[in-house]
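Residue numbers (the numbering used here), protein chains in the order written: chain A, 1 to 854; chain B, 1 to 317.
If you're looking for bench data, these hints aren't it; they were derived computationally from the structure. Among the clues, some could well be false.
[Claimed, not checked] Simulated crosslink set (BS3-like; lysine-lysine; CA at most 25 Å straight-line):
| id | chain 1 | residue 1 | chain 2 | residue 2 |
| --- | --- | --- | --- | --- |
| 1 | A | LYS803 | B | LYS73 |
| 2 | A | LYS147 | A | LYS194 |
| 3 | A | LYS313 | A | LYS260 |
| 4 | A | LYS130 | B | LYS5 |
| 5 | A | LYS147 | B | LYS73 |
| 6 | A | LYS828 | A | LYS811 |
| 7 | A | LYS208 | A | LYS147 |
| 8 | A | LYS147 | A | LYS803 |
| 9 | A | LYS803 | A | LYS194 |
| 10 | A | LYS828 | A | LYS794 |
| 11 | B | LYS5 | A | LYS147 |
| 12 | B | LYS73 | A | LYS194 |
| 13 | A | LYS834 | A | LYS794 |
| 14 | A | LYS130 | A | LYS208 |
| 15 | A | LYS147 | A | LYS130 |
Given the structure is predicted, the values throughout are model-derived calculations rather than measurements.
This is what each chain is made of:
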Amino acid sequence: MTNKNSSENQALPAVAGEASALAAFQQRGSAVQISVVSSANRESSPIVTLPAVAIDEDASGEIIHSLRRFHLGDPSVASSGQQVTESLLPALLHPYRDVTQIRYEYPLYLYPTGGEENDLAVSPLSDFLKDSVAAFAPGEDSARMLKDNLPWVERYLRSQLLAQQSPVDAGSLVVEAGVALQEQIGLAEENREKLQSELDSLSDQVDKQGQFLGYSRYVAIHLLIHAARHHLFQRRLRFGEIVSERMRGLIDLLAVERAKTGAANDPDMVGSSVGNTSQYFDTSALTGVMGKQTHGSESMSVERKQRIEGALKTLQEYEDDPVLVRCVGDLHDDGVSDHFDQIECIEMIHDADPCTGAAARFDAEVARYARIFAAVRVAALETEGNYDPSVHDSWFASFDWQAFTTQELQLISPLVALETAENIAGDGLRSFSQQLRSGKPIQILAWVPAYDNPGTQSGEDPLHSYRIELGYFGIGHRQAVIVQSSSARHEHLFRGFVSALGTIRTSLHLVDSGFQEEDLYLDPWIVASAALESRAHPYIEINPTAGDAAAERLNFAGNPQSELNWPVNSLTYVDDSGTEEVLQLPFTFVDYSLLIPQLWHHFRSVPVQCSCDDLLPVDEYLALPSDQTDRCLPFVWAVDAEGLLSKVVVSRALMLACRDRLSYWRTLQELAGVRNRHVELAIANVQQEERAARDAEIEELRQEHADELEQVRSETAGEVMGKLANVLLGMDLTSLSESAPAAVAVPAEEVQQAVQPEPEAAVAEEQEEVISFDDPYIDSILCTTCDDCMAINKLLFEYNDNKQAVITDPKVGTFAQLVEAAELCPAKCIHPGKPVDPNEPGLDELIARAAAYN
Amino acid sequence: MFGLKADWSLDVHERYFTMDDYAGAEPRWCTGCGDLGILTAVHRVCRDAQVEPENTVAVSGIGCSSRLPHYMKTYGFHGLHGRALPVACGIKSRRPDLDIWVATGDGDCFSIGGGHWIHSLRYNMDLTLLIFDNGIYGLTKKQTSPTTPQGFHTNTHVTGALLPPLNPLTVTLGVSNVSFVAQTVDWNAPLLYEIINAAHQHKGTSFVRIVQRCPMYMEQLNQEMQDDPSRMLLLTHDKGVQVDDAVVRMFENHQEHDPSDMAAARAIAQDDSLIPLGVLYHDPDAQRYDELTNVGLNMPMQERVQGLNAALDKFAI
Chain A
1 MTNKNSSENQ ALPAVAGEAS ALAAFQQRGS AVQISVVSSA NRESSPIVTL
51 PAVAIDEDAS GEIIHSLRRF HLGDPSVASS GQQVTESLLP ALLHPYRDVT
101 QIRYEYPLYL YPTGGEENDL AVSPLSDFLK DSVAAFAPGE DSARMLKDNL
151 PWVERYLRSQ LLAQQSPVDA GSLVVEAGVA LQEQIGLAEE NREKLQSELD
201 SLSDQVDKQG QFLGYSRYVA IHLLIHAARH HLFQRRLRFG EIVSERMRGL
251 IDLLAVERAK TGAANDPDMV GSSVGNTSQY FDTSALTGVM GKQTHGSESM
301 SVERKQRIEG ALKTLQEYED DPVLVRCVGD LHDDGVSDHF DQIECIEMIH
351 DADPCTGAAA RFDAEVARYA RIFAAVRVAA LETEGNYDPS VHDSWFASFD
401 WQAFTTQELQ LISPLVALET AENIAGDGLR SFSQQLRSGK PIQILAWVPA
451 YDNPGTQSGE DPLHSYRIEL GYFGIGHRQA VIVQSSSARH EHLFRGFVSA
501 LGTIRTSLHL VDSGFQEEDL YLDPWIVASA ALESRAHPYI EINPTAGDAA
551 AERLNFAGNP QSELNWPVNS LTYVDDSGTE EVLQLPFTFV DYSLLIPQLW
601 HHFRSVPVQC SCDDLLPVDE YLALPSDQTD RCLPFVWAVD AEGLLSKVVV
651 SRALMLACRD RLSYWRTLQE LAGVRNRHVE LAIANVQQEE RAARDAEIEE
701 LRQEHADELE QVRSETAGEV MGKLANVLLG MDLTSLSESA PAAVAVPAEE
751 VQQAVQPEPE AAVAEEQEEV ISFDDPYIDS ILCTTCDDCM AINKLLFEYN
801 DNKQAVITDP KVGTFAQLVE AAELCPAKCI HPGKPVDPNE PGLDELIARA
851 AAYN
Chain B
1 MFGLKADWSL DVHERYFTMD DYAGAEPRWC TGCGDLGILT AVHRVCRDAQ
51 VEPENTVAVS GIGCSSRLPH YMKTYGFHGL HGRALPVACG IKSRRPDLDI
101 WVATGDGDCF SIGGGHWIHS LRYNMDLTLL IFDNGIYGLT KKQTSPTTPQ
151 GFHTNTHVTG ALLPPLNPLT VTLGVSNVSF VAQTVDWNAP LLYEIINAAH
201 QHKGTSFVRI VQRCPMYMEQ LNQEMQDDPS RMLLLTHDKG VQVDDAVVRM
251 FENHQEHDPS DMAAARAIAQ DDSLIPLGVL YHDPDAQRYD ELTNVGLNMP
301 MQERVQGLNA ALDKFAI
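With the rest of the complex left out, here is chain B (with noise of 0.2 Å):
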């Protein structure tokens, strides 16, 4: 139309960051940990959305994970363990215009921060939530975390978890109002990358468990996955995540499945016999409570005062 192409929109950037811009303290993390390709996928996602760092936050709680507030160049938060969503939800509340991180690992979310972990589900804020998964106490050396397989040997059940662990994808599911629920693992990058970059796009609360290595407490717990690509499902369809042919053909098992359906997502969650990975539930529509709390936020302090007076004039005798 008018001689202008499909890209005729000259949007520019007035800044520039490049990786570096997001990469904060040398990390820690243990050689082979798959906590630094989540990292440097949260750095890449940054980057190519050109976020600025002054204004994103990053937020933990407790853990090996919640050490990722430290390696970004940002505003950042290492909490309570199990706390990190309210602190998150407090930020958003106040402050809707941060872009807001939230890194968490399978104990301090599944466990002590269950609470925390289904009603901000429900609450729906505009965060991006990252679970580090790698079902075992890492920080703490090897106790049992709610995603332990059962019969795995750790230090507080050395003769095997006594209990079949946690479907943090079936709970997730089955909290009202969620909106964005996606799995991946760690050492696939580019569906990571998508992944996580699909997740920061969505205005809600973006739930993403990552299937992570322990190189130190459980080495062997992914192993059989990574030799044996046929033990995870991919998810495919128009509405999730797009990743390139040669990234679809590493995994075996392919299914078609549309993430609006929350029927088929659950039945697909349920089903244990494969690891989905790819987003299993989207609806960019569910209500944000973040959206209610902003109320008046803007509000200039004559207002605020004239609000105040007329709320405590009805108390006046």
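Excised from the complex, chain A in its bound form (with noise of 0.2 Å):
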């Protein structure tokens, strides 16, 4: 994109200083505008100008000079030029500036638990709302007026959930935003009625333990806890099952046993056993006749008796633990631990070293669940009679949590170790890499700002250092499950729960939120979004048990454009010409960077005026080697709040820093075998040999051609030469015509056969299926308001609210007034189906009238 000379092209008074030289150009940026029409959604995108100024050589020379000493790090520029301000953003964000005009993924529905493991358990607020009226209210004109405000509720639930950090009741919140609706619009009440009623059947959508969760700093772990809770409740309830039946099992074998004794002739006993019949009789007398004597059964040994006992007093114990997620961590920093200690189905522990204190506390929970697994086990062994005392007594002696199956340990609510990024990359990173190896099925999430190093030093620029990699760190220790996302994506996220869940080992979960210390100006949500668009916190899911190969257990399916080296988007502007352009970006870390305000002292702005062939985009300059890029300003494209499009020029710290996340986005590629450089080659070798290949035989071909041509070319020269040498020699003529080929010929019948077409083939004519209704109806569609069917009952017909008529009940008008109907209706759309009353007068022939509409 270049820009326009105005027609104010003038020169430019001579300015001594750099200073001096851009507030001459800012005064003269706003004399003329260019419009510039944004990306994605043109009709919504906010229109951004460009001024466009005269470029003036000489003070462009002087400030592009400036701009490279700035670019090159020289600190005695670090202060002057035009500094970046929080309005100014990567251009492909400006339409997205109100994020009260964004339809995002956030807020989400929370559905209850109750129903099958692989139900839908969360669904994004848009998606909720419309498929909940799409159930009660399919096609397009139903529930018209619902529909059409459905925007206003969803912005409505969206403004009421926007501070909200934990889960909120979704039911009450529907209800709440009809009323506002109601309140809004003021309907006249016939209207109000019906949108009443459309919003009461959207409220009766809605589950009652449903709930909405919105964007906020601690989305991921409420999305854990609810993926904890669909991954518990199927599994303990079959749990619970399982332990009534063992319970039901030695319960019977104590009876059993009990019988053998003599207390089983007591009255109470015998009248137990003897059952209701027992009242028609003396069980003391019947107790008396038997005696005390015991049965001579034998009885089973104290030390079964007292495991089998023992076992049935663990189960009798057993309650369903009321903690879904016990989370151990330290962030009183933030509040993250405040935060959580409020919330009812979870334990938070305090620990100073997250990873350790949740081993710690992982090795409790198993201890105590073992007692419970190991009741089950012996309850089974006992009830089917294979407990043998020199096998199993030692084998549960030394029952622990590496003995249970995966069945067992998936019923253990998750325990989470809550770390910060900072921790687990400095003081931490040695419990954090032993917790990684152990193996113990523990959650490790830790919360990763995608512009910092984690490893560096407190107020320490974090392009200082290369950054360290703790999602590559974490893929090091090969058996541990390895999810990094962004709460952004809420399917990435939840996906990654799920299947740490499911498996049982180590998982690691590093999640950028796009919040941080201070409030932005762009919303968290569409930060942490950049963050995955520019590579900065690419999505990875390692997954040890998907296979051996890297390629298999890395799904990399999330990152977008995941091809490229960086997701490319168009944007439509109009020049000065009024001509519509489209500017093909890509979207790189750079263009993250400039959402963060820690690293503004990164960019200096151009001014629109200045010009310089050394000006380069950002993916166009690391493109080049770099010995071709000395003389090179790399730059973006922003647009500021009152929608200025202008050039940004990037310090080369950044620029290495964004090479170094290109360098690891490369890797991951490879990894993910999306772009492997072997592939690459071995594919190049292919092609190569396959095109010598090709081309050999196409010269083999060639040159058998031109022998062939030759050939024939030398035969018919000879045979031509040698009839000419005859003729010439004085044979008959009229041999050479009758020696010359004669045409064929073909009888005129095969002839005319050959010409014709070929019969067609038999076209089934697509034969309209004819249905016939017997209950009338109208196609409203059709109907031209016309009033003929209303003047014959107004009872029978009437209109919907697109004002076309539709058929109330078909029993309070006659078959006549319907078949009447249908021959006046001008647009043909009435149905008289079939008559309601059979006894109607005159049927016979309304019927046949009424054929010809049906």
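Both chains are sitting in their own frames, so use the hints and assemble them into the complex.
Following this line, the structure appears as structure tokens:
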């Protein structure tokens, strides 16, 4: 994109210094404007403008010189030039400044548990609303008023959920939104009632336990809780049934044992054994007759009885764990612990070393569960008579979590180590690595700001050193589940949690939420989205159970345009001549950095009037060999709040960081098998070999053809020359014509047959299915509102929301009226069907008349 | 991009209008009159576009069709015979923010209003012009109108109309700077709606001729067309109106016609063997007179006074 010279092109006054040159440019910058239309959704996108002012070569040279010094890190120009401000955004993000005008995937609707494991658990608000309305009002015109106002309801719900840190009851909020909508649009009574009925139907679609979850700093942990709730519900239900069954088995065993003793002859036991009929005779008398003798069966050993009673007691004491998730952490600084202390279903355990603390708590939890699981197994062995003390006593004596089955491990409430990137990349690195190696099924959840370098000291520029990639660090541990995802993508988060809970491995979740210490100009959701888009925080999901090859283990599909270095999107703008142009813009790590206040000192704005061939887009700069970038000034396109489009030059330090991120991205691509260098070389080799073989074959064929051609030429020439010689030698000339090949005579019939087109395949005419309906109906969409049918019977016909006729109830009119209306209807959209009343007079004639309209 | 879907923009109307919000008095048109369907289509278009009733004006001349402003709960002007368009143009020139509908009939527009018709088309101000063409003067009880078929018996030509009828499409397409020309019939509600909707969205004068039934005085005029859809020709094109396949199948004859092709439009209009339905011509870039007359409308009073003084000072002695 180049700046257009305006008609006001004239020499600038001579300026002494850079500041005065800038000031002069700024002053002139407001003179002429070019309309620029933004990118994704042009109808919805705000218009941005670009001042088009004359370019002054002398002043440009001075400013470029200063920008070059800034780029190279000259501290003497650190505070000069046009510094960027919070309102300056990467050009592609300009349409999304106002989050209230954006329909993004949050808030979420959290479905309650109760269904099958694979049932939908989470849905974006907009999808949930649309699906809910469609469930009771299919078609475009039903529940029209609600559908028209659904965006308003959606926006209301979004606004109410903006400040919510935790899930809130969905049902009450939907009702509240309905009340607010009614109040807002103030319909007349009849329409108000109709809309209320539609709103009530919408409320009925909301589950009683359904919740809305807005976007917040802690949305990841709430989704983890929700995933755990769905993960545990059916499993615990099934386990509860197993426990009950095992208890019944043990109780039966003990009952049989008791029946072998003399106590079995007590009147109460006798009565219990006999059942209801015991009331008809004297059980004491019967006891007297039976005496106190014991029965002859052999009694179980004392050890066995104690074992059975012990197992039974353990099972009887078993209750579902009311805690869904146990979190271990010490995050008082940003209030995470305090926030989760207030949530009932999670237990917050404070520990300065979350990984170690979680491991210790895991040991305690599994010890508790070991008693229960052992009791279940003992019960199974005892009821089936398979318990062998010589084998099983020692087994159960050392029974621990490593002997648990996968199903048993999945019954334990997840243990979550709440970590910070700073801790696991700093002091907590050892215990973090130790935990990843342990194999204990613990979830390590760490918030990782995508812009930051977790290994740096507090206050240090994150670009001062190369970044530690915690995801790659986790991959190095090979047997752990590693999920690096963004809070902005609930599907990635939720799928990662479900995947991790389904395995019995240590899992690491590295989450970027887009939140920073200070409130940002842009919504954190957009910032987190930009981090994913710019490869600053790529999506990776490593599941070691998925296969042996890296590409099998690594799920990479959540990254936009993952086959490219950077995702590329178009920016449509209108130049000063009114012509629309399209600019393809990559979204790079540098673009993302423009959203981070800590990195603003790595940018300087270029006055729009300033032009220089050395200014190069960042992606093109990165594509050049390093020895050709010496004089280049990399820049990105940015837009300010007023819609002013400008170039922003980037520091060399940020470019190095960008190149480093790109290098890491390429490594991930290779791991995922998306762009593997070896594969690319192999493909190139194969293509080259194929091309060479094809060329050789073509050459061979060409040579063959040439040889054949030459042969035919020589033979023909010889034959012709021979015939010519014969003629010249005085032979009978007629033989020449006779020897010429005669045209083959073809019978006329055959010719005719040949030229005749083949009989066309019998094309079966598409027979429209003849549908006959017994009930009368109207194709309302065709109705012209002519009132003809209304004039016949206003009870039988009425208008719908589009003021087009429908039949109310065929019983409130006669078949004769339906037929008459059908005959009168100009749109012929009334279909009388069959008569409801078989006793209506003149039916035969009416049915015959109706046939034309059915 | 950035995880946003195509419908990322959350556009919300702060107010909501139902069809009732556009419905004025109870229509007095005869039962079975095509005007009723046109009125419903106009209400639907207004509801779907959520235009504000207080910023909408319905203007008409004289005739059955011209009762439309009474049936709109908006501002309205039931004007003089043939003079709907000058009134509408006047409103538009001073209040360009208003949404203006013009309802006029074949007699009102093509006869006494003929001059205004021609020049309004050339001015191309942003109006939605609906011609209710029933081929007769209905309100005044069956007199010959410009589009009455030749030979049709009326109260002014009891032995039958003497002359061939006017072809409004060829006339309209002959006017320079015309920007939107469409034709439809009142008894096909989906097509009627789509065409009126397209006309309403067009920025400029949208001329829509609606071939319409009069159950009292021209009962048989369009009956043949209703009974025999093969007499009509549906114009289809990506740049035209899009209707459901079921509606397309109602018509036996279809023709792909690019509405930006004026020569083709004129040829279609000239051919009277079939009644063309759809958008014949559309030029969204035609010059609009209202954009020229609107200049300076928002000028503050002080600047106006200064301008006037400056102008008058030229004559000061």
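Here is what the structure says about each hint:
1. A/LYS803 with B/LYS73: holds (16 Å)
2. A/LYS147 with A/LYS194: Measuring from Cα to Cα gives roughly 13 Å; hence the hint holds.
3. A/LYS313 with A/LYS260: With a Cα-Cα distance of about 22 Å, the restraint between A/LYS313 and A/LYS260 holds, given a limit of 25 Å.
4. A/LYS130 with B/LYS5: Given pair A/LYS130, B/LYS5 holds - Cα atoms ~15 Å apart, limit 25 Å.
5. A/LYS147 with B/LYS73: Given that 25 Å is the threshold and the Cα spacing comes to 24 Å, the pair holds.
6. A/LYS828 with A/LYS811: OK: A/LYS828 and A/LYS811 at ~21 Å, within 25 Å.
7. A/LYS208 with A/LYS147: Holds - the C-alpha atoms of A/LYS147 and A/LYS208 are around 23 Å apart, at most 25 Å.
8. A/LYS147 with A/LYS803: OK: A/LYS147 and A/LYS803 at ~17 Å, within 25 Å.
9. A/LYS803 with A/LYS194: holds (15 Å)
10. A/LYS828 with A/LYS794: holds (18 Å)
11. B/LYS5 with A/LYS147: Since the Cα atoms of B/LYS5 and A/LYS147 sit roughly 19 Å apart, the hinted pair holds (cutoff 25 Å).
12. B/LYS73 with A/LYS194: holds (21 Å)
13. A/LYS834 with A/LYS794: Distance of about 20 Å is within 25 Å: holds.
14. A/LYS130 with A/LYS208: holds (19 Å)
15. A/LYS147 with A/LYS130: Holds: A/LYS147 and A/LYS130 sit about 8 Å apart, inside 25 Å.
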